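**Q** The listed protein sequences correspond, in order, to chains A and B. Using the numbering used here, the letters of the first sequence map in sequence onto residues 1 to 404. Using the numbering used here, the letters of the second sequence map in sequence onto residues 1 to 404.
Hints were generated in silico from the structure; no laboratory data involved. Just so you know, not all the hints are guaranteed correct.
Claimed, not checked - Computed far set for chain B versus chain A, every beta-carbon distance over 10 Å:
#1 E101
#2 I147
#3 G294
As the list claims (entries may be wrong) - If we take Cβ atoms under 7 Å as the criterion, some of the chain B residues that face chain A in the derived model are:
#4 G130
#5 I131
#6 P132
#7 R135
#8 G138
#9 Q139
#10 S143
#11 D275
#12 Y293
#13 P301
#14 S304
#15 P369
#16 G371
#17 I373
#18 V376
Please read all numbers here as calculations on a predicted model, not as lab measurements. All C-beta atoms, glycine included, are put in the ideal place defined by N, C-alpha and C.
Protein chains: 2
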Amino acid sequence: MSKIAILGFGTVGSGTVEVFCKNKSSYEKNIGKELDIKYILDIRDFPDSPYADKFVKNFDVIANDPEITVVAELIGGNTFAYDCVKRALEAGKSVVTSNKELVATKGAELLKIAREKNVSFFFEASVGGGIPIIRPLGQCLMSDEIISIAGILNGTTNYILTKMLKEGAEFSEVLAKAQELGYAERDPEADISGGDACRKICILASLIFGNHIYPEDVYTEGVTSITKEDAEYATDWGGVIKLIASACRIDDKKLEITVCPNFVPFESQLSGVDDVFNAILVRGEATGEVVFYGRGAGKYPTASAVVADILNALKSESKSLIWDAYRAGCVADYRKQKHRFYLRLMNTSRKNVKALFGEVAFLNRKNTPEGEIAFVTAEITREELDRKCENLDVKGKIQILDIT
Amino acid sequence: MSKIAILGFGTVGSGTVEVFCKNKSSYEKNIGKELDIKYILDIRDFPDSPYADKFVKNFDVIANDPEITVVAELIGGNTFAYDCVKRALEAGKSVVTSNKELVATKGAELLKIAREKNVSFFFEASVGGGIPIIRPLGQCLMSDEIISIAGILNGTTNYILTKMLKEGAEFSEVLAKAQELGYAERDPEADISGGDACRKICILASLIFGNHIYPEDVYTEGVTSITKEDAEYATDWGGVIKLIASACRIDDKKLEITVCPNFVPFESQLSGVDDVFNAILVRGEATGEVVFYGRGAGKYPTASAVVADILNALKSESKSLIWDAYRAGCVADYRKQKHRFYLRLMNTSRKNVKALFGEVAFLNRKNTPEGEIAFVTAEITREELDRKCENLDVKGKIQILDIT
């Protein structure tokens, strides 16, 4: 008999218990032994829950129970959750988590403890919800050198950008609607600022690069400044606007990693990823381009990834993937990397634009107001772009996706 | 030191040796021991190859060498390759293969031997080339119930159909061009008849269903009868024509499994999969829809999947996925399953069509010849459809994809 503890009975926690209990007998057949959720940790009371007798309020009960072999941390945040996960690993229990903040900020440390204690630390659900990405990436990685990853990793902002583009609506209107539908949190800050996508790309980048990459080292720009005018110009250019989190190996020692809105050309597989869906494009030297697509969030998709991790931990066949501690200087200065950019300016002339930026591709939209000029530059560093924009009235500035 | 034998030095075999040797030192770091390709089996001579000293012509050398722990079978076919794989497994060596014919016809038997000998039998490269699909599917499967799989599993036919649709060309012209470009074999029979896609969907279906599904039980229709007229009607309907291999769980005991051209709506993620690319859409009860996309063939993508399997076998952390022998009656009669169908008829009238098929959605194209009528039926079994078509002059008949 293997006994499991669930930490947190929110959306993902309750979904995990539900999926687990529904399929328990087939899991037992697969694993070859009886399985049981012994504890559910939550500070709230659930007197009417069918699992009422499993609830505990003190983590000590779980940490000190030698029967518990796997702990699923579904609390979120990196304070109390961090404490629980660390103690569980130190007590020789395997841990699985859907907590991207925890993995992005404490991953290297927790993986090291797991390795020392010879237990598993899995976090498939922390990126892309129900999309298998961490383990397949580990598999690709084993045989191939990953050159770049570019992903739509946040469903809320993707829903907002999709609606803005398809319905010509403004950001604030669509955000309000997304909150009404439950696609966006009441406090949408982590989503719309790009912070959520940033944590996820940090996890993927740490995996492919082998050193921990911290969110604070990543240039992160949200979607709040995107307007429907920019979306119209994107259409004219031949693409859509998406919040792209990307990591690209510059050489063996350096990685470019950013989260920002991008013009994504229609030819890219990422351009057709709409609404709350996520997709991750991985480019390997031998493998070429591979895309993983699916629901990046939601109770049941995330829960099924958590349960798969629990079963993997119970089988203890595959040990944790691993990365080392942060190495100073491994994140390249994003201002010095060259990209093309879309710019929308007011109160200037094509002549002036040409004088400053040389040959550019001008864009058009219906009912262009007097003095508005939009175009796509040649390749230029952000540093130089910002310098050239100093005396300009910039209304829109969006990177062009060159990892297609 | 772990020693490996490569069987077959064709495209995939030479690619495997190349990828392996290029990244050998990083693999050794990952696995934690020295690795070496000791033998390459091929009946041909390669006197100028840098690996000339490794070539052998008799499989006995490999089977009888206790130093060899992993054998990679990259010969193809299910006669000599089958004999080698069976003997290797029986000799207690792990085997990896890219050979879909072998796995689709002998999978259950070989998996059983691998289990008895406690060695691995991996075949990630047999479906989808470099796209990780077998192992992620195993992972999804562990926690979730897979309801259906629908895939574009053959790059050659997808290239042909893409060109027909985009350039308004006829099948035979595009096939000739594909052969010229090396996308299609000189003998393209296995591709254009649907046979190649059929073997691949059998492997995926065996995995999700748990019983071996044989190619001869699968209704398989190729792409040779698709015309540019049908492609024009697909556009009017709002989609494209793709060769879809699909398996769908009807109940615990029965599976519908077919390979045939389908009208795929633009809303489906499969509609945007063009040229030689492959994609596999997996629908799980909890996970929802997940799509895996990438290069389904080619020297290096396939080789990188083979090498990943070799490394997995060497780590011997993850044992083979498993399915049982064939169970009579597990494949449902495809003629009795309901779908919508596109029909193109000559020498009839809308009145006649309505009398036979009830309310249908008529389609249009430019310069429709006198007497041509195209439409999409309501749901109907193939059996009933064929009966109704008996006295009609049918020019085109294509299933509508309802697994979107």
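**Q** Now tell me, hint by hint, if it's right for this structure.
**A** Hints and how they fare:
1. No Cβ of chain A approaches the Cβ of E101/B within 10 Å, the least distance being about 23 Å, so the stated non-interface status holds.
2. With a least CB separation of 13 Å from chain A, I147/B remains clear of the 10 Å interface cut-off, as annotated.
3. The non-interface label for G294/B is inconsistent with chain A: the shortest C-beta to C-beta separation is roughly 4 Å, within 10 Å.
4. Below 7 Å, beta-carbon pairs count as interface contacts, and G130/B has one with chain A at about 4 Å; its hint therefore holds.
5. For I131/B, the suggested interface contact is upheld, since its CB lies about 6 Å from the closest CB of chain A, less than 7 Å.
6. Taken as an interface hint, P132/B checks out: its beta carbon lies about 4 Å from the nearest beta carbon of chain A, inside 7 Å.
7. With a cut of 7 Å, the hint placing R135/B at the interface with chain A holds, because the nearest CB-to-CB distance is about 6 Å.
8. A least Cβ separation of about 10 Å between G138/B and chain A goes past the 7 Å threshold, and the interface hint is therefore violated.
9. A distance limit of 7 Å between C-beta atoms decides the matter here; for Q139/B the minimum to chain A is near 5 Å, and the interface restraint holds.
10. Hint status for S143/B: holds, given a least beta-carbon distance of 4 Å to chain A, under 7 Å.
11. For D275/B, the interface hint is violated, the least distance from its beta-carbon to any beta-carbon of chain A being 11 Å, above 7 Å.
12. Look at Y293/B: its Cβ gets to within about 4 Å of chain A, closer than 7 Å, so that hint holds up.
13. This hint holds: P301/B has a C-beta 5 Å from the nearest C-beta of chain A, less than the 7 Å allowed.
14. Proximity of S304/B to chain A holds as hinted, the smallest CB-CB distance being about 4 Å (cut-off 7 Å).
15. Below 7 Å, beta-carbon pairs count as interface contacts, and P369/B has none with chain A, the closest being about 34 Å; its hint is therefore violated.
16. Restraint check, G371/B versus chain A: the minimum CB separation of about 38 Å is more than 7 Å; hint violated.
17. Taken as an interface hint, I373/B does not check out: its beta carbon lies about 33 Å from the nearest beta carbon of chain A, beyond 7 Å.
18. For V376/B, the suggested interface contact is broken, since its CB lies about 23 Å from the closest CB of chain A, more than 7 Å.
Hint check: violations occur at hints 3, 8, 11, 15, 16, 17, 18; the rest are consistent with the structure.
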